[in-house]
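Given the structure of chain A, go ahead and fit chain B onto it with the hints provided.
2 protein chains.
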Amino acid sequence: MKKLVAFGILALSLVGTVSAQVKPEDQIKYRQAGYSFMAWNMGKIKANLDGEFNVQQVQAAASAVAAIAGSGMGALYGPGTESDIGDRKTRVKPEAFQNMADLGKLATDFNAAAANLANAAAKGDKAAVQKAFGETGATCKACHDKYRLD
Amino acid sequence: MKKLVAFGILALSLVGTVSAQVKPEDQIKYRQAGYSFMAWNMGKIKANLDGEFNVQQVQAAASAVAAIAGSGMGALYGPGTESDIGDRKTRVKPEAFQNMADLGKLATDFNAAAANLANAAAKGDKAAVQKAFGETGATCKACHDKYRLD
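Chains as they are written, first to last, in my numbering: chain A, -18 to 131; chain B, -18 to 131.
Keep in mind that the hints are not guaranteed to be accurate.
Since the list can't tell identical chains apart, any single copy or any two copies may satisfy a pair.
[Stated by the list, open to error] Straight-line distance between alpha carbons at most 30 Å, and here's what the computed DSBU-like set of lysine-lysine pairs gives:
id: 1; residue 1: 4; residue 2: 112
id: 2; residue 1: 27; residue 2: 4
id: 3; residue 1: 104; residue 2: 86
id: 4; residue 1: 70; residue 2: 112
id: 5; residue 1: 107; residue 2: 4
id: 6; residue 1: 86; residue 2: 4
id: 7; residue 1: 74; residue 2: 107
id: 8; residue 1: 27; residue 2: 127
Calculated from the structure, these hints are not laboratory results.
Okay, chain A solo, but in the shape it has when bound:
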């Protein structure tokens, strides 16, 4: 728990650093790109769990999800990204920006689950991947239910 809080603060602190180098509209674009690319890779893992289990494809997909999750996306929630900027729409609820420590905790839960998913995939253990995939999806949903607009 201490660790989660510490990570939450880390995620929060990142906002003040890297985001300064990236325009708010680009922060929204990049965070959407990250979630979109993770969605493709989660879909590939699901397809492998439901059908023929291609270990190489699952490992590659899980590595991409874990690396994107661990890339410091907290930096893409900087000042000015709380609402739409021109044609660049955001589905993040404004409340998220008033609860950055909570957002950081949810992000930390997701990072940990994605890392477990990548580890399970690296072992080529389908049952472990199935379990870790479900746990990762649950951390996605936890944040979507709380901070994503319908």
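Relative to the frame of chain A, chain B by itself:
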């Protein structure tokens, strides 16, 4: 060279498999998301090379670039993704789809360079990261010059 050709054929073969599970318009969306997220991470590495070198941030960014590069994006160049689909515009030149083996070779060069970049970052060697970053950027440019619309 044999290896590059083999990878080219692998990248090509992926198009026939995974893409079948993803609608053409989503294949375009996901490939654009992957390139966009890599661009953010390449930008972070450049900022670290030009300014204060934060090893953790460079390692996280290089891992994301390498994992996305290695995630089998060849599957996102499937049939029907050669041109715009409604509002979903693509900047990939039609010629790319008539030269999939060449596209596969360029992708393989990029994957190898991105893997080297991640390895250099893992060692925390700024000079090696600088060299690998330049080599990775060159493989990006090689494909953009040949197959990306201005």
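- [ ] Check each numbered hint from earlier against the structure, then list the numbers of those it violates in ascending order.
- [x] 4, 7
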